[in-house]
Structures are given as structure tokens and as C-alpha cells.
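Here the protein sequences come in this chain order: A and B. Residues 11 to 564 in the numbering used here are what the first sequence lists, from first letter to last. Residues 198 to 609 in the numbering used here are what the second sequence lists, from first letter to last.
I should point out that these hints are in silico values taken from the structure, not numbers from a laboratory. From a predicted model like this one, the values you see are computed outputs, not experimental measurements. Worth double-checking, as some hints may not be accurate.
Stated by the list, open to error - So the derived label-pair ranges between C-beta atoms look like this:
(1) E568(B) - S495(A): 52 to 58 Å
(2) D135(A) - S508(B): 37 to 43 Å
(3) K364(B) - L104(A): 58 to 64 Å
(4) S508(B) - Y555(A): 49 to 55 Å
(5) K208(B) - A407(A): 26 to 32 Å
(6) A504(A) - D222(B): 51 to 57 Å
(7) D222(B) - K333(A): 47 to 53 Å
(8) Q539(A) - K479(B): 53 to 59 Å
(9) E325(B) - A407(A): 26 to 32 Å
(10) E119(A) - D314(B): 37 to 43 Å
(11) G176(A) - T210(B): 39 to 45 Å
(12) E500(A) - D222(B): 47 to 53 Å
Claimed, not checked - Keeping only pairs whose Cα atoms sit at most 25 Å apart, straight-line, the calculated DMTMM-like set for lysine to aspartate or glutamate is:
(13) K228(B) - E536(A)
(14) K444(A) - D276(B)
(15) K230(A) - D331(A)
(16) K419(B) - D135(A)
(17) K213(B) - D125(A)
(18) K208(B) - E119(A)
(19) K213(B) - E123(A)
(20) K208(B) - E147(A)
(21) K215(B) - E536(A)
(22) K215(B) - E122(A)
Every residue gets a Cβ at the ideal spot worked out from N, C-alpha and C, and that includes glycine.
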Amino acid sequence: MTKSKFDVVVIGGGSTGTAVARDCAMRGLQTLLLERDDIASATVGTCAGMISSGLKYRDEPDMMKICSKEVVYWNHIARHIIAKNPILAPLLDLSDAASDSSYMESYSEHVEERDVPAMMFLTPDASIEIEPMLHPEIIASVYYEEYFIDPFRLCLLQALDARNHGAEIRTYCEVIDFEINDKQEIEGVIFYNRVSGATERVETKLVVNAAGPWAHKVAKSAKDYLPIRLNKGAHVIFDRRIVNIGITVKAMDGRWIYLFPHENTTLLGTTALDTWENPDTLVASFDEIEYLLQSMETVLPSIREARIIRTMTGVRPLVPDWKVPERNVTRGYRIIDHSENDGKKGLISFLGGKLVTCRHMAEAVTDLVCEKLGKDIACSTHEKPLPGNEDDVDIIALSKEYDISLHALERMRARRGTEMVKVLELTKEHPEWKTTICTCEPIIEAEIRLSIREEFPQTLNDLRRRLRLGTGPCQGTFCTYKAASILSDELGLAGDDFLVDILDFRAERWKGIRQSMRGEQLAQEELAQGMYACVGNLDQSDVDYDVKPWEEGF
Amino acid sequence: MDENEAFEYVKSTLKKEKITPYQSDELEIVKSIGACINCGLCINHCPVVAAVGLDRFSGPRSIAVELSRSPPEFWATADKVYLCTGCGTCREVCPKNVNIPEIVNVVRANIFEHRPDLVPKGLMIVKEIIEEHNLAFEPWEDKEEKEESRDMRLERLGLPSIPDIVKENAEVLFYPGCQAEERAQEVREAAKAILDYFDVDYTLLDEFSCCSLPSQLMGDAKTARKLAHQLKGKVKKLGVKKIVTTCAGCTSTLADLSVRDEWGAPAYHLLEYLVEEIGFEKLADALKKTAKPNDIHVSVHDPCHLIRHTSRQVMEHALNILRLMPGVRVSESVAHDNCCGGGGMVSFHASEVANSVVQENLIALEKTGAERLVTPCPLCTAQLESNLFKSGSSIEVDDLTVFIAQRLPKKG
Numbered sequence: 011m012t013k014s015k016f017d018v019v020v021i022g023g024g025s026t027g028t029a030v031a032r033d034c035a036m037r038g039l040q041t042l043l044l045e046r047d048d049i050a051s052a053t054v055g056t057c058a059g060m061i062s063s064g065l066k067y068r069d070e071p072d073m074m075k076i077c078s079k080e081v082v083y084w085n086h087i088a089r090h091i092i093a094k095n096p097i098l099a100p101l102l103d104l105s106d107a108a109s110d111s112s113y114m115e116s117y118s119e120h121v122e123e124r125d126v127p128a129m130m131f132l133t134p135d136a137s138i139e140i141e142p143m144l145h146p147e148i149i150a151s152v153y154y155e156e157y158f159i160d161p162f163r164l165c166l167l168q169a170l171d172a173r174n175h176g177a178e179i180r181t182y183c184e185v186i187d188f189e190i191n192d193k194q195e196i197e198g199v200i201f202y203n204r205v206s207g208a209t210e211r212v213e214t215k216l217v218v219n220a221a222g223p224w225a226h227k228v229a230k231s232a233k234d235y236l237p238i239r240l241n242k243g244a245h246v247i248f249d250r251r252i253v254n255i256g257i258t259v260k261a262m263d264g265r266w267i268y269l270f271p272h273e274n275t276t277l278l279g280t281t282a283l284d285t286w287e288n289p290d291t292l293v294a295s296f297d298e299i300e301y302l303l304q305s306m307e308t309v310l311p312s313i314r315e316a317r318i319i320r321t322m323t324g325v326r327p328l329v330p331d332w333k334v335p336e337r338n339v340t341r342g343y344r345i346i347d348h349s350e351n352d353g354k355k356g357l358i359s360f361l362g363g364k365l366v367t368c369r370h371m372a373e374a375v376t377d378l379v380c381e382k383l384g385k386d387i388a389c390s391t392h393e394k395p396l397p398g399n400e401d402d403v404d405i406i407a408l409s410k411e412y413d414i415s416l417h418a419l420e421r422m423r424a425r426r427g428t429e430m431v432k433v434l435e436l437t438k439e440h441p442e443w444k445t446t447i448c449t450c451e452p453i454i455e456a457e458i459r460l461s462i463r464e465e466f467p468q469t470l471n472d473l474r475r476r477l478r479l480g481t482g483p484c485q486g487t488f489c490t491y492k493a494a495s496i497l498s499d500e501l502g503l504a505g506d507d508f509l510v511d512i513l514d515f516r517a518e519r520w521k522g523i524r525q526s527m528r529g530e531q532l533a534q535e536e537l538a539q540g541m542y543a544c545v546g547n548l549d550q551s552d553v554d555y556d557v558k559p560w561e562e563g564f
Numbered sequence: 198m199d200e201n202e203a204f205e206y207v208k209s210t211l212k213k214e215k216i217t218p219y220q221s222d223e224l225e226i227v228k229s230i231g232a233c234i235n236c237g238l239c240i241n242h243c244p245v246v247a248a249v250g251l252d253r254f255s256g257p258r259s260i261a262v263e264l265s266r267s268p269p270e271f272w273a274t275a276d277k278v279y280l281c282t283g284c285g286t287c288r289e290v291c292p293k294n295v296n297i298p299e300i301v302n303v304v305r306a307n308i309f310e311h312r313p314d315l316v317p318k319g320l321m322i323v324k325e326i327i328e329e330h331n332l333a334f335e336p337w338e339d340k341e342e343k344e345e346s347r348d349m350r351l352e353r354l355g356l357p358s359i360p361d362i363v364k365e366n367a368e369v370l371f372y373p374g375c376q377a378e379e380r381a382q383e384v385r386e387a388a389k390a391i392l393d394y395f396d397v398d399y400t401l402l403d404e405f406s407c408c409s410l411p412s413q414l415m416g417d418a419k420t421a422r423k424l425a426h427q428l429k430g431k432v433k434k435l436g437v438k439k440i441v442t443t444c445a446g447c448t449s450t451l452a453d454l455s456v457r458d459e460w461g462a463p464a465y466h467l468l469e470y471l472v473e474e475i476g477f478e479k480l481a482d483a484l485k486k487t488a489k490p491n492d493i494h495v496s497v498h499d500p501c502h503l504i505r506h507t508s509r510q511v512m513e514h515a516l517n518i519l520r521l522m523p524g525v526r527v528s529e530s531v532a533h534d535n536c537c538g539g540g541g542m543v544s545f546h547a548s549e550v551a552n553s554v555v556q557e558n559l560i561a562l563e564k565t566g567a568e569r570l571v572t573p574c575p576l577c578t579a580q581l582e583s584n585l586f587k588s589g590s591s592i593e594v595d596d597l598t599v600f601i602a603q604r605l606p607k608k609g
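Taking the hints into account, I'd like the entire structure generated from these sequences.
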């Protein structure tokens, strides 16, 4: 079934890798995507999902132009997973206002094509009417609008669309070596299948390295070199939409930070720390949490009273500009053709970039791939919609037809658009699959089953990325066992695998919870501990499970 | 664009995104919801869940952890949030005191503003009546017929006829509530008889208007504010020191509004007023003088708006008053504090849900062997009475105000 010869192997299942696989497949190339973990399981899975106008990068006008254009494309191809956030930047003194005027101008240059207004000033009274939690002494605020996308679904839809166009998508396959001939040309890729335990190889003409914070390691496996600047960013996540609109403010060090309503939560981010740590085990530090809270407190004094459910931490794979602070590093991207620097022929790597530009990056690299393969095929990724974006969905009619609650369907629509009908069709034969499995989001059993059958998850964490399983206020206190039994049923998992996956899922939740655990979330964690340790006896389980670094004692 | 135009633009965007900014007085409610730990204790206590199941009404927990998290999606909760009777049982049993009944009103207000098409039709009919008449029920077209109906009720129940009084600077405003004003007129008359018996210096409103609870419950926040403002004006103009009502819903609403809008006149349920202002001694004296009454075996229903939205002490008062009555034997029903199903405007658009909820009360009531049910709320009375009648029960229902008035001796 699996092919052994490809035109191009893409390494990395993040926003860029999946975009490249989609573009290559749509241009008819024999394409394989290899991801060592799951789709969107690293950098992109820890971002705020803003498909930004690029206003923070006003010194790079070309970049802002690209960002703006890409926003237009996203709204054309993926509007079902996009929402608009109105945003206020409250000002506490006049010096803030003066330093912001250039932002306002550069932001406003491209507003028309994005269908948003130019930046504008609001009075203190108007600002407080819109957001009563604001500091009573603000002198004005700047209003603007940005679009936000579900980063998990975006990557998954790109991967699924790539597969629809003939690409192979292999998760849990870690590239460990390359076959390189005497002419320093890459001929094959060797990878370790983490599910089966087998080492496999495929032949390929070209390799696109979109491994993000591991890009330099992939290059090293090819006995090549890729300088990179890794930068850690953390978010604090609140249990619900605690603000009416997004709030941005300058942090104590002059960086911009934000509080954005996102889906049914609110995200406070980000930090920026140069890092050399392992991206897999990185957690938010107490300092980062305080930096974010104290900076946001200057305009939202009561922010600390809101309920923090967890933190999330990722690593930005920046272009290696040195001797400048993170905020001055370009958010443009670089495509490194290793053959041009006497490196390996057939290896092309990415550095830098932003979520909003991932499609643009893919288009550029696919142009290069086609050129190298001697093909001349035009890009169409900005024209053809991603799965589910084809039409509007009438939730009220579907609710009547399938007898499922409006809200469950609306949440499903935000993930699947028109494709949600596939889930609903399953409930015709199995009405019992209308059962709610995750109460916070909510997710019904039929969607879990469909996802397992069509979206290649291997673990509960994979289901979380596809469905938001266990991402609500209770952080999987009640859905873990239920979802695990469905996964075991569909994948035929043995008893020990079932338990290990539950432990893995709990550990991954704990990774984000532990650092920020305080206030109301303490009561939640007591309850979770009661469920899993006292009732489930999971702490006494004798299955073969390695405790994760963040689970060990302080 | 100047700042005013900018603000108008922003408001139109918020409208498009279905965001109604939380008001500062709603922030406490929103914060309370953030305390939910998804334990599910409330689900086992919710009378609507018990009656119709989780598939029909997903229960208070779902309101906290799922339905109330994202205002732009509030419209998609319309098939669930209107089934909450607002009884407050969830809030009472919640280990974290999550204020579910209040967040339900916030969510309903958002739907009312952004998707009025999803507000149940039955509620929109009430909205129109309120808009036209400032009353939750269509008023009598013919004043004479209304009076005839009143007099028939007085005669049947053996209550005295006391003329209406409207005057300024009385000690007390008696506020009957829409149900007693238009439908259960005997309750209004009975309260007047009680106040008159104890020589309370009271007045009625010149022109009665609704307390605003129905508007608040259907999410019509604007009308609710208008009615509250109107009533405050009337109270201020009359110059009364206290407000007394016989309706449970009015009691909790007037008490809240009086504090929120600084009326300077506290609100009481008549039971509270009798115990706290008249005193047990006078009550006992009066009730003892009653011409030898027939023995009667009663059970009591506790209105949610008294026990959970005001204070459980009000029903302690009710029981203590009943104990003063010669010949009255009280048997407690195990479901004495279960919601009658009529709250939260549910009976106005989903009567089958309301009537399922009350079944538990009816079953428990039969087991007491009581021949009569008394309750200090004309809305609970109506809901319980019609369902007992439909079930073929021989148990009769009296509003407690009427029951008390009947047992007072003739004045003088």
C-alpha cells in the first residue's frame, strides 16, 4: 500500500509542513509528510491562532503586505475555522499614544482588503463601556480588529486536503537518517516508526525540512548545518471568555503582550526567552506567568481574580539574527537551499515565518521544488477551499433533523464546517453515539469515532488536538476514561495500552496545569486527583509507564 | 472618524460578532461561574433534569462549563437555557456557590438582543403584553366583570370585602403582583383584609405595574430596567416606608431592586411582615379568637423565590404561623421544597416540562394524606392547583395568604 518512491518528502506536521504537503500534492507531486509526533503537536499548537495583520512588524512593510494578503486568502479558503476579534489597546499615559502612531499608520495601510476599519481612538468612557474590567484611569484606547484561526484544525485540514490530493501523511514517524550519494545528493530518507517500532526507508528526489524548532537537528542528521535562533513563548489560559474583546498592552519590558478571547477560552501571552532546552519538555516558568499577569494588571487590575486553567509553552524557530532582542528579529521567513552553500543537494529548510504566512511559505518552497523537478505547475492553495469551507451550515435545521443540541452542533461546525454532516450521519445508525463525552466543549461520541476513523489519531492527545477533548475548565477530569474506551474500541488497544494512554493524557494536561495552579483551579485538581488516584487507582498502576520530567517532584 | 463615530462603529462590530459587553454588575456573576469544577452535584438535584432527563435539559453543570463560556455562541444555547426554572436548587447545593440562575438571565438577555427569533414564542407573547400594559397578564377588558369575578371569589372563600385605598405617605405599600392583581384576586383581597385587621397604615399603587421579573427572566433586560425604574418612581412618589407583597417572585425581585436602585424602602413578603412587624403575640391572639374552625390537615409547598432567592426563614415563619392556628394539622411532604415547575417562565412556553417537574411534588403530596396544600405564592398555587386537578386528586390548594385571612376573626 505504502509507496517507496516520492518526488518530495516533507519533514514536520506543523502549519508550514502541512501547507507544503498540501501545495505539493495539489500540484501533482508524489508527496510524503513525515511527522515525529502528531499534526500540530509543537509550535503551532501553542500559538494564539492569530492570523495577524503583522502590525508588530511595521519595519518590514513587505512582510505586512504579505500578511494582509494572506488574511484575505484564509478568509476565502478557511472561513469556517476563523473568527474576528475586536481589540482594544488601552493607554494609561500620553507617551504610550505618541509611540503608537506609526503602528496605526502601517496597520491602516492594508485594512480595506482585509475588510476591517483603520485603527481608531476611543474615549475612556466608551472603552470602559466595552470592557468594564479596564483600569478606571485610562486616558484613551486604540481600537483595531484581527482575525483568528483554529491552528489545530488548520494544520489537520491542510494534512487531510493533502491526503485527498494523493499525499501520504505519516505521523509518529521520526526521521533519523538520510541516504546520500557520492555527489552529496539526498536519495532517501530513513525514519523510525514510533508506533510499530520498525525502521523504514523511502526514496525521494527532494526533502523539505519544516521541522520548526528541530530543523537544525534534521539538518544535522543529513550531516549538514542550519543555524537557528530558538525562542520560548508561554501563554496563560483562562477558563472562559473573561473579556468582551481582546486587550493588548505593553509589558514591563516594552514588548507587546495580549489577552485574546479564543474559542471558549481566553489566552494571555506571550513571553519571549531565548532557549536551548528540549522543546518537548519545556514548561512555563513562574517568572513568565508573573510577567504576563503583572503586565496585564496595569490595564486590567482584576485579571488575577479570573480562573487560570493552565499554561502552554512553545518554541519559535526564528531566523538566526543575533545581537537584537526577539521583537526585532524578522518575522519574515528564509528558505535555505542547502545545495547553494555547498551543503547537501535536495535538502531545503525553512527558518522563521509566522502562522499567517504558512501558506505563502509553502507556495514559495513548492515553486522551488517544481523548478528543481523541472515542472511548471501553478499554485492553487489560495483558491481552493479547505475541507468544510464549501458552504454555510444551518445549525438550527441540523439540530431539528438529528435531534442534537444547538450548542454541540455549533461547536462541531466551528471545527468541521460542512463536513460535520459526516458525523451526524453516523448517529442515524447509532443514535447512542449522540452521548456527550467531553462535557466542557462539548463533544459527542460520534465525532470521536469519526475522527478516529478518518483523521488518523493514535492517542488521546491526538484526539484533543482534533476535537478540543479535555481542554475546558475541568481539563479532562471527566472525559478521559470515556474517550479512552472509545479509542481502544476503535483501534483495538490492549488493556495496558489503554492505561498508558490515559496516563499520557493526564500527564500532558498536568504539564500545563502544574505551573499555574492556584485559586479556583486548585479545587478542580483536588477533584481530578480524587477521580484518577483515589477512584481509578492510577497512581498505583503497575503498567510500564515512564514518568515525564515535569511529573517529578520539585 | 471622530471618537463618537468610532464608538458607534465599534458597537456595530460588537453587534455583528454577537457580543454584548458584560456590565460591571454582571462581572460578579461571571466570576462565580468560573468557580465550577464540573463535579455534577447539581445535576442530581436539578428538578428539571429529574423530570425530563439530560437529553432535553442538559442541566446546570452544562450551563456553567459549556453553555456560558463564549458570548458569541450564546445564541446556540436557546434550546436549553429557556428550560431552566430558575429555582436555584443548583446554587444551593453547589460546593462553590456557582450562581447559575443569574448567569441564565445573562445568557437569555444576550439571545434576546441578538437572536430574538430564537426566544420561545410563548415568551414573546408575554413581552408584548408587558409592553402594552406593564403587566405580565392580559388585563380584564371589562372592569365590571373583573369585579364580579372578585366578588364571587370573596363569597366562595368567606373573605371580607375591603375597599381599595390609595394615599401618599402611608407606612406600607401593599404590592399584590401581576397574578394577584389580574387573576388570583382573592389573594390581593385576603392580604388587604389581613393588613386591615392589624390596622396597618397601607396603600395600593394608583396604577399597578409589573415588578420586572418576567422581563428579566425572558432576557428583555431593557424592559426590565424600564419597569424597575417606573416602579421606583411610584414608590418614591407615594413616600412609603416599606413594601409588602404576597408573591414569592415579587418578594425576591423587589428586595433586590430596592437595594440595587436604592429605593429607601425594604421589601417584605406578607409572612415576614406579619412575624417581624406584627409579631406572633398579636397573631396568636387573633387566630385564637376565630369562631371554632373545622379541623383541617394541610401540607405546605415552599416557593423557590422565597426559600432560595430570599431566605429559608420565610417558610419557618409560615410553619410557625400555621402552628398558631387551632385545628390545623401540618404534614410535611418530602418534596416540600421541590420547584413547582412554573418558574423561569418555563410554563409560558414549555408547559409539558413544567408539568413534568411538578409530578414529584404531587406524588409526595398524596403520601402525606393532607386534604389541602397551602403555599405563599399565587403562581405556585396556580401551577399546583391545575396539575392536582388534572391528576384527579381531591387535594385542594390555597394561597397561604387566603388561608390566613380566612382564619382571622371579624374585625371589631
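### Query
Quick check: which numbered hints come out false for this structure?
Result: hint 21 breaks, nothing else.
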